[in-house]
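S.K.: The lines below spell out each chain.
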Amino acid sequence: MRIGDAKQTYEADEAIWTSNTQKLWFGLLLLILLLFPFMADSYLLYLGCLVGIAVISTTGLNILTGFTGLISLGQAGFMGVGAYTVAWLSLNTGLPFPVTLLLAGLMAAAVGILVGLPSLRVKGLYLAIATLAASVFLHFIFAEWESVTGGMGGLSLEPAHLFGWTFQSDFRMYFIIVPLAVLMVFAARNVLRTRVGRAFIAIRDRDISAEILGINLLRYKLMSFALSSFYAGVAGGLFAYFYRVVTPESFPLSMSIFYLAAVIVGGMGNLLGGILGAAFMTLVPEALKLLTAALTPFYPNAPVFMSPMLEIIFGALIVGFLIFEPHGLAEIWHRIRRFFRLWPFRN
Amino acid sequence: MDWLFFGEISLAGLAMGGLYALIALGFVMIYKATRVINFAIGEIMMFAAYLFLAFAGGMELSAWIALPLAVIGGSILGGVIEKTMIRPMLGESPISVVMVTIGIASILVGLVEFVWTADPQLLPNFLPREPVFIGPLYLAPKIAYGFLIGAALLIVYLLYFRFSRGGVALRATASDQAAAYSMGINVRRVFNLAWVFGSLAASLAGVLVAATGGLSPQFGIIGLSVLVVVIVGGLDSILGALVAGVFIGWLETVAGAYLGGEYRMPATFVVLAVILVIRPYGLFGTHEIERV
Numbered sequence: 000m001r002i003g004d005a006k007q008t009y010e011a012d013e014a015i016w017t018s019n020t021q022k023l024w025f026g027l028l029l030l031i032l033l034l035f036p037f038m039a040d041s042y043l044l045y046l047g048c049l050v051g052i053a054v055i056s057t058t059g060l061n062i063l064t065g066f067t068g069l070i071s072l073g074q075a076g077f078m079g080v081g082a083y084t085v086a087w088l089s090l091n092t093g094l095p096f097p098v099t100l101l102l103a104g105l106m107a108a109a110v111g112i113l114v115g116l117p118s119l120r121v122k123g124l125y126l127a128i129a130t131l132a133a134s135v136f137l138h139f140i141f142a143e144w145e146s147v148t149g150g151m152g153g154l155s156l157e158p159a160h161l162f163g164w165t166f167q168s169d170f171r172m173y174f175i176i177v178p179l180a181v182l183m184v185f186a187a188r189n190v191l192r193t194r195v196g197r198a199f200i201a202i203r204d205r206d207i208s209a210e211i212l213g214i215n216l217l218r219y220k221l222m223s224f225a226l227s228s229f230y231a232g233v234a235g236g237l238f239a240y241f242y243r244v245v246t247p248e249s250f251p252l253s254m255s256i257f258y259l260a261a262v263i264v265g266g267m268g269n270l271l272g273g274i275l276g277a278a279f280m281t282l283v284p285e286a287l288k289l290l291t292a293a294l295t296p297f298y299p300n301a302p303v304f305m306s307p308m309l310e311i312i313f314g315a316l317i318v319g320f321l322i323f324e325p326h327g328l329a330e331i332w333h334r335i336r337r338f339f340r341l342w343p344f345r346n
Numbered sequence: 000m001d002w003l004f005f006g007e008i009s010l011a012g013l014a015m016g017g018l019y020a021l022i023a024l025g026f027v028m029i030y031k032a033t034r035v036i037n038f039a040i041g042e043i044m045m046f047a048a049y050l051f052l053a054f055a056g057g058m059e060l061s062a063w064i065a066l067p068l069a070v071i072g073g074s075i076l077g078g079v080i081e082k083t084m085i086r087p088m089l090g091e092s093p094i095s096v097v098m099v100t101i102g103i104a105s106i107l108v109g110l111v112e113f114v115w116t117a118d119p120q121l122l123p124n125f126l127p128r129e130p131v132f133i134g135p136l137y138l139a140p141k142i143a144y145g146f147l148i149g150a151a152l153l154i155v156y157l158l159y160f161r162f163s164r165g166g167v168a169l170r171a172t173a174s175d176q177a178a179a180y181s182m183g184i185n186v187r188r189v190f191n192l193a194w195v196f197g198s199l200a201a202s203l204a205g206v207l208v209a210a211t212g213g214l215s216p217q218f219g220i221i222g223l224s225v226l227v228v229v230i231v232g233g234l235d236s237i238l239g240a241l242v243a244g245v246f247i248g249w250l251e252t253v254a255g256a257y258l259g260g261e262y263r264m265p266a267t268f269v270v271l272a273v274i275l276v277i278r279p280y281g282l283f284g285t286h287e288i289e290r291v
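Chains as they are written, first to last, in numbering that gives the first Met the number 0: chain A, 0 to 346; chain B, 0 to 291.
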C-alpha cells in the first residue's frame with residue numbers, strides 16, 4: 000500500500016500525473032530522448048527509429064486487443080495500407096510529410112473500419128480469422144494492383160520533406176519518429192480515460208453486459224478498429240519514409256504476429272507494457288545479432304544458426320510470458336517499482 | 000472449355016481436398032475436446048514430414064517403416080505440447096491460448112531449420128509410380144495413393160469415434176465436460192488423447208502432402224488453408240471438416256490452375272469471408288448462444 004494515495008475526486012483518480020516526482024521523471028525521460036541522437040552512433044540511432052515505429056504500431060494494437068479485447072491478425076496489413084498511401088502520395092503529389100502521414104492514418108482507419116464490420120457478428124477467434132482474411136486480401140492487392148502499388152517490385156519514394164527541409168538521414172528521421180511516438184502514446188492515454196476508452200474496456204470485460212449498459216457495440220468496436228488502424232497506418236507511413244522502399248513482402252503475416260507478441264510480452268491492456276514490449280521485441284533480434292557476431296570468431300558457422308535461434312527465442316518468449324508472466328513486462332516493472340518504494344522493508 | 004482438363008484438375012483437387020479433410024479432422028478433434036484453436040497444426044505436419052525425411056532419407060529405413068515412425072513421432076509431439084504448454088493455460092482467455100499455439104509454431108519452425116537447414120528438401124519417393132487413370136482422366140500417382148492412404152485413416156477415425164470406448168469418452172467430453180467428469184471419464188486423459196490423435200492425423204497428412212509437393216520450413220503455411228476449411232465447415236463439426244475439406248481443396252486447385260498460383264489463397268479466403276458474414280459458426284457448426 001502506498002501512503003497518501005487516497006483519492007477524493009474522480010478527477011484526481013483519472014489524472015495522468017499524480018505527483019510531482021512523476022512529472023520530474025517524465026521530464027527526465029523526455030530530456031534523454033532529446034539528447035539521445037546527439038550521443039548515439041548511427042547503429043543506435045537506427046535502433047531508436049525502429050523502436051519508435053514499433054511503439055506506435057504496438058500502442059495501436061494494444062488499444063484494439065488489450066483494451067477492447069478484439070484480437071487482430073491484420074496489423075501488418077494496415078501498416079501496409081499506410082506505407083503504400085505515403086509512397087503513392089509522395090511519388091504523385093509531393094505533399095509534405097505531416098499531410099501524407101495523416102492521410103496514411105486516415106486511409107488505414109477507413110480500411111480498418113471495413114475490416115471491423117464483421118466484428119458485430121463474429122468475435123473472439125472468428126474475428127481473428129476475419130482479420131487474417133483481410134490481411135491475405137490486402138497482400139494480394141499490394142502484389143497485383145500494379146498501376147498503384149508497383150506490383151512485386153514495390154515503390155521507392157523520396158525522403159520526407161517539410162518547408163524545404165528533407166529528412167534523409169536516420170538522425171533527422173529520429174526527430175519525426177520519436178516525437179510522434181510520444182505524442183501518439185500520450186493521445187492513447189488520454190482517449191483511454193474518456194467515455195470512449197471506458198466503453199472499450201467495458202466491451203473487453205464482457206461485451207453483452209456492456210451492451211445492456213447502453214454501449215453501442217458496433218459503434219465502439221468500429222471506433223476501436225479505426226483508432227488502432229490509424230496508429231498502424233501512421234507507423235506504416237513512417238516505415239515507408241524510413242526505408243524509402245515499400246514492397247508487398249515488407250508486411251508479411253509474421254509482422255502481425257510480431258506486434259501481437261509485443262503486446263503480450265509487454266502486457267495486454269497496459270500502455271506502458273506496449274512500449275516495453277515493442278522495445279524489447281525489437282531489440283531481442285539485434286542482441287542476438289551482436290551475440291552471433293561475437294561468437295563467429297570461435298564458431299565460424301554461428302551465423303547459420305542465428306535465424307533458427309531467432310524463431311525459437313521468439314516462440315519461447317511468447318509461450319514463456321503467457322505461462323509464467325501473463326501480465327508481461329509491465330508487471331515486472333511494477334514489481335521493481337514496488338520493491339524500491341518499500342525498501343528497506345520486504346513487504 | 001476443355002472438359003478433360005477441367006476433370007483432371009478437379010480430380011487432383013478433390014484428392015488434395017481429401018487430405019485437407021484429414022488434417023481438418025485432426026483440428027476439429029482437438030477443438031471439440033479441448034476448445035483450443037491450434038494454429039500450430041501446419042507445423043506439426045511439417046515436423047512429422049521432416050521426421051520421415053530423417054528416417055527414410057537419412058537412416059535409409061524402408062519407407063513403410065519410416066512412415067509409421069514419423070507419424071508416431073508427430074503424435075508424441077502433440078501429446079508433449081498438450082502436457083507442457085497447453086495444460087498450464089487451462090481456463091485462460093482464448094486469445095492467450097491461441098497465442099501459445101502461435102508461439103509453438105514458431106519454435107517448431109526454428110527447431111526444424113536448426114536441424115535440417117532452411118533449404119527445401121525432397122522426400123524419397125515411396126508411392127507407386129504407374130500413372131492412374133480413372134476413366135479417361137489422368138491422376139498423378141503420388142496424389143492418388145496419398146489420397147487412398149489418407150482416406151483409409153479417415154474411415155478408421157470415423158469408426159473409432161462412433162464405436163470405441165475412447166471415441167465415446169471423447170464425444171462425451173466434447174458435449175458436456177462436467178457430466179463427463181461425473182460419469183467417471185478421465186477428462187485430462189481425453190484432452191491428452193485428443194491432442195495425440197489430432198496430431199496423428201495431421202502427421203500422416205503432412206508426410207503425404209510433403210511427398211507430393213516438397214518440404215521446407217515454410218511448409219506450415221498449409222495450416223492457413225486448414226484454418227479456412229474448419230471455419231467454413233464449422234469448428235466443432237466432423238461432417239463440416241470433411242465436406243469443407245474436399246470443397247476447399249478442389250477450389251484451391253481449380254483457382255490455381257485457371258487463374259494462376261497467386262489466386263489460390265485469395266480464392267479460398269473469399270469463401271471464408273462470405274461464410275463468416277452469412278453463417279459465422281460455419282456450414283455445419285453449432286450456433287452457440289451466449290448468456291451473461
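In short, the hints are calculated from the structure, not lab data.
Please note: incorrect hints may appear among the correct ones.
What the hints assert, rightly or not - Derived pair list, reagent style BS3-like, types lysine-lysine, alpha-carbon separation capped at 30 angstroms:
(1) K82/B x K6/A
(2) K82/B x K31/B
(3) K22/A x K6/A
(4) K122/A x K31/B
All values derive from a computational prediction rather than experimental measurement.
S.K.: So, for every hint listed, does it hold in this structure?
M.R.: Verification of the supplied hints:
Our distance criterion of 30 angstroms between C-alpha atoms is broken by K82/B and K6/A, whose separation comes to about 46 angstroms. Of the pairs offered as hints, the one joining K82/B and K31/B holds, with about 17 angstroms between alpha carbons and a cut-off of 30 angstroms not exceeded. Restraint check for K22/A and K6/A: the C-alpha separation of about 18 angstroms stays at or below 30 angstroms, so the hint holds. Restraint check for K122/A and K31/B: the C-alpha separation of about 18 angstroms stays at or below 30 angstroms, so the hint holds.
Going down the numbered hints, you'll see the structure goes against just number 1.
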